[in-house]
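A.B. asks: Residues per chain, in single letters:
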Amino acid sequence: MIILWTDALIFLLIAVILMLGFYLRGKEYIKRPLQQIARSKVGMVSLTVLIFFVLIGLLDSIHFKPSEDGRSNEIISALDYWATPLREHGEKTYSAPFASYLYSKEMMMLADGTEQWGYPRLQFGGAHLADPETEQVPDILKKALYGWIQGASLVVFFMILLGSLLREPHKRLIVSPTAKAVWTVVFLIVSINYMLVYLSTYYHVFGTDKVGEDVFYQAIKSIRTGLVIGTLTTLVMLPMALLFGILAGFFRGWVDDVIQYVYTTLNSIPSVLLIAASILMVQVYMAAHEEAFTSVIVRADMRLLFLCLILGVTSWTGLCRLLRAETLKLREMEYVQAAQALGVRRRVILLRHILPNVMHIVLISVVLDFSSLVLAEAVLSYINIGVDPTTYSWGNMINGARLEMAREPVVWWSLAASFVFMFALVLAANLFADTVRDAFDPRRGAYE
Amino acid sequence: MTQYIIRRILYAFPLLMGVNILTFVLFFVVNSPDDMARMQLGQKHVTEKAVENWKQQRGYDLPLLWNGKAEGEEKLTRTIFYQKSVGLFLFRFGVSDSGRNISADIQQRMWPSLAVALPTLIVGLLVNISFALMMVLFRNSYLEHAGVVLCVILMSVSSLFYIIGGQFLIGKLLRLVPISGYDGGLSALKFLILPVLIGVFSGIGSGVRWYRTLFLEEVEKDYVRTARAKGLTETRTLFRHVLKNAMIPILTGVVVVLPLLFMGSLIMESFFSIPGLGSYTIDAINSQDFAIVRAMVFLGSVLYVIGLLLTDISYTLVDPRVRLS
Amino acid sequence: MFSLFSMKMHIDQSRTLVLILLTVLLSACVGSELNNPYAQEEGGQSVLYESFSERPKHLDPAVAYSSNEYAFIAQIYEPPYQYHYLKRPYELTPLTATGMPEIEYLNSKGEKLASTANDSDIAYTDYLLEIQPGIRYQPHPILAKDAQGEYIYHHLTGEQIDRLGSLQDLPETGSRELTAEDYVYQIKRLAHPKIQSPIAELMKNYIIGFDDFSKQVANKQKFEIKDISMTGVTALSPYKYRIRIKGKYPQFIFWLAMPFFSPMPWEADVFYEQPGLNDKNITLDWFPIGTGPYLLAENNPNRRMILQRNPLFHPETYPSEGEPGDKEKGLLADAGKQLPFIDKVVYMLEKETIPYWNKFLQGYYDASGIASDNFDQAIQFTGSGAATLTEAMKEKGIQLETAVTTSIFYLGFNMLDATVGGDSEKARKLRQAIAIAVDYEEYIAIFANGRGVAAQGLIPPGIYGHAEGKDGINPYVYDWVNGKAQRKNIEVAKRLMAEAGYQGGVDPKTRQALILYFDTTSVSIDDRPRMNWYRKQFEKLGIKLVIRGTDYNRFQQKMRDGNAQIFFWGWNADYPDPENFFFLLYGPNAKVAHGGENAGNYQNPEFDRLFEQMRNMGNGEQRYRIIQNLQELVRRDAPWVFGFHPKSFSLYHGWYKNLKPNLMANNQLKYTRIDTAERAEKRAEWNKPVYWPLLIAFVVFVLLLIPAILAYRRRIRETIQ
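So the sequences go chain by chain: A, B and C. Anchor point for the first sequence: position 99 equals 99 in the working numbering, and the numbering is continuous, going up by one each time. Anchor point for the second sequence: position 4 equals 1004 in the working numbering, and the numbering is continuous, going up by one each time. Anchor point for the third sequence: position 4 equals 2004 in the working numbering, and the numbering is continuous, going up by one each time.
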């Protein structure tokens, strides 16, 4: 097992979330909004979708060397291992979704030794068909149905199992309206994905790209990149924003001045330029310390980590400002004044009275930032200051697909695949963020 | 008021100094002047002498921060940092690494940027506000719910898709506008329609949601209820009271970005090959022309500071209760 | 305030409609093609539309050295010689010179030798050039004189300069006759350290007095060199000058056809050196002055550059003879006519390939290369393997021109490296194995759509010494099978690996797969497939290839320090002579030791000896044999994996006439003719706008408005009640 930097941080993040959950367990002020979220159908459904994405991302974060004899330095993830057929079933170049022929013509040697200019058969996609023209459509439908039924029965089986195991008071986990919606979504996700995976062993469901790599595989691999950027950036920026924001608001005076100076300075630099400069710096650093980055995946991971760091540095100022304002307000509250008058130590006041009362702001801004960070990744990759070009990411896919749109006939599947996956993730994140905001923002709820 | 403005301007200096130091450190940690010279001189037959010459011509032959060889105060002033910083503060950006005068280029390229950004802002503002008002007007009806869902959907699509899709559909398939390019004067119009349209469209999702929240907050206030109780129609309350009072955050939000419009949009300009400052910056990043990037960072910071100042001033103008001190 | 905003509200309701109508109306005024990217009317002139993707950095002929710069300056400046437009193999012909130069050999005492003299006796060579009288410079402000014969603009005041926006703001122009002194002046400029000519270091080794001159003027202003003489270069009369070079260097004549040796009036430096002009971007780099067929009328590198016909261009006619077959192709139809044919050339800045290609198809660009993404749309291969245009392209009347370029891309090994480099049998076998494994035929097929020829050695087709057929193959990598070169089986490579001690690709030292490093500047997303491909090629031998991507600077640094291991590089010929390729492997040119162009630091005394012999020879039987020997040496040693010679495919619209690819000449523009009437017709036909989706969008908008209005009415009623 090999732990990359981002893997380590992901596990750290999960540990932090678990600890936080344990700490907040049973606290009344957190329970009420959580219950409100649990009652929201949209919120729970989008949470289900998010969890599904996160699971894939986690699978993709467990890295190891497949063979221990050292014949190969390749590092793959659990997801890669599981998707080995997808990974290795490369074609020569473009092929359309579910195609069994290549998308471009080339010179072929026919059986009788003559050469012909035409579309060759794919090496893997639809290779089991004897005569694709007539067999393809029925075969796809048959396999799709077969795969779907398998997936569906799997879910149904588990649901029945769960239903019979649950005791009476917990039955509402299945029968409440929200639960029904969630289970429907789970059913759909699992069955459809099972179907896609099943089909992808026979066909390239999203086609192949210029070097014949399966686009479905690329899109799935991109999930981790999107999640890492969306979450680790927050992990980077949170401590800074929290510390500086609260300190500035609480102590005022010169502390406030210094902190304000720092964040106004950072804020006034156009963030794209700051990111560009920093990414250039990282590249130079890696060029100078080559021996530390022998593996492509380690290099790419380092760059991803740095991108998160830099995005964190450029994005903490907004939250910091909010927290400062809130703390300024809070410190004038009676109970804080009273605590101060009673001689409670400042550290205790900060931890006991201020911190818990700004947590809702933190939570809201974290979920709100997530989707914008995922979107930002794509834009940054377009101007070549995003993730490493060898990293699978939706931004890189879109960037590559731009040129394909000018082809005639158009190669649309890379763009479509990245669109579908990215859209699903960002939409789910946005909807969930809305629910969280409605639940936690004290000003809200009155008119919703 | 005047005093306040002067104080704010003085406060800007340490700020810009900080920006300057930060960018300087970043760029010179990355690249030594030798690297820059080699980058710019191209590939065939580059000699050490040519590199020295280049550095001398561009003023990169000095030490970075401290000149041990010089006398007295020249120890500080005869350095790359000092020479280059002073130029920035005087708005003399000097010569780019590729040999063109930056100030002249900026003056020329700022207008196309503005020609894209300003209409995008104005049209976007009008569209967003009117949609938001409509949603508030129809609140709690299926129209509002549909609107909210639509907004979230629009928000969840990367702006790159809007650009690629728009160019493909309107430029290539329908042949209604030139695919890309730019021209001065009135003829710029046909080149601007598509980028502005796409710019507005990609901002609708988040924009409408934001203004809707603003208006909803206002609608819930007591004076609005009073107004309605008084017998004013829904529309009249909306326009007379809600819109007017929501103008303060709207206006200040707009004022702060106003100066930054000069900087242009990085992505939009390079997609539509509009010769503005955005594409200028991107080109500079890609060709690692640090003189230009530093100038642009500095310019951006200056404009940001101006934006903050304008915001403060506009507060007092819109809301007489606010006094600057 | 209230009324204003409510008004805006009302306007907003129909905003989309207004916008659409406005678009339609406005563009309707402009012309029939809504998507025409050009605002200016052509006004009956013959205008060619080209593009540039990156703004040229220098238009000063002493500095410019890249093809995007030559695209402009070769039309503006005229060196004494040029390549014949039609004849092949490439042949020099006089441009401003009256004939080919008189060449005289001198011994070390300065005495004249016979033309048959021994190479070792020749200490100097004199080139005597005579230029045509009556050639005049383009009208230009720097040559403007007043009634007294004084230059008007050579003493601009600070105030005058402040008011200048561009050179065009100076209304007066002037011209004068071209003299031999101008050619001499330019050679002196090449030597001036402040000008930083990229060939200064090279010329130092050839032209007499070049180095001394360069030291002598190091602290002088640019224009001061006018009155300082360089020993080796003298003007003998207003129309005659002499260049003296060290020893014998027959390739020197090719340099005289490059823009470096174009004339430059001394007035240019006097004018542009005036303080303050530089701040206005008014420099020789942006506002050239030449005698060529075109002058730069507008220079806005941020958007477009315009070349206009030079009204004072000297008489020059379209060539009346060419290769056999040219007449049949109609290439001689314009023979004897005065050049140039086109009045104006508009170069638009076009960075992205998609818009460029689309505009080409819409008829807004007259010529285009083919990006690999558009390839299938444009090109198909016939049964016999020849490339032709697709039906869709043929229908549009597009023409295809192909030519194998005089360049080579190769995978170089750093010969100083402990693993892949050196003269040991082990390393050589490893290199040979890699040469077999890296299947460039596949590379060409995947990444270049077949636009290339796998290289069999150093020399591309079209350059003297290139051998065709069985004799020309690289016997270490290919076999001659069925009249074709066929790459050796991978098993052969594996056997070589085993012989080299890497059985199955395992490094005996580490007992792991052998790790090799590939240094590259290809780090962008578009290069990823390429890098994956390289990895796969090395995988065939069990070698693990690690890609070390860096920016161009670091890459160069690595090359200079000899820290690279395997690298991919290319070379584009300066002139059509094998010397220009073999010197890339010449020992004394090694990069690390001597800072030369031998990037792989290949050292082989036998090679160096043969090279020195071949270098000074005239083309002939003996030279050909030496070249084949040299080829054999490098094929065996395999310091490079000879990659491929790219094949350029260009598309031109049917209205583009007198088309013949010429890879050496950069000044083809003056031979080109376009049929403007045909173009206007085709453009109108191809760019009919499609309106119906707008209509549908409008209808949908209205349909959506209806429920909104209904809901609004209901709400009003509710509030009233």
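Because the hints were derived from the structure by calculation, they are not lab data. Everything numeric in this text was worked out from a predicted model, so none of it was measured. Be careful, since some hints might not be right.
Partial chain A-side listing against chain C, Cβ under 7 Å, derived [claimed, not checked]:
#, residue
1, W117
2, S191
3, N193
4, K210
5, V211
Label pairs and their in silico Cβ distance ranges [as the list claims (entries may be wrong)]:
#, chain 1, residue 1, chain 2, residue 2, range
6, A, E133, C, G2330, 42 to 48 Å
7, C, L2312, B, D1034, 42 to 48 Å
8, B, N1286, C, N2107, 53 to 59 Å
9, B, E1220, C, S2166, 42 to 48 Å
10, B, I1313, A, L243, 30 to 36 Å
The beta carbon of each residue, even a glycine, is placed where N, CA and C say it ideally should be.
A.B. asks: Quick one: which hint numbers does this structure break? Sort them smallest to largest.
C.D. replies: 2, 3, 9
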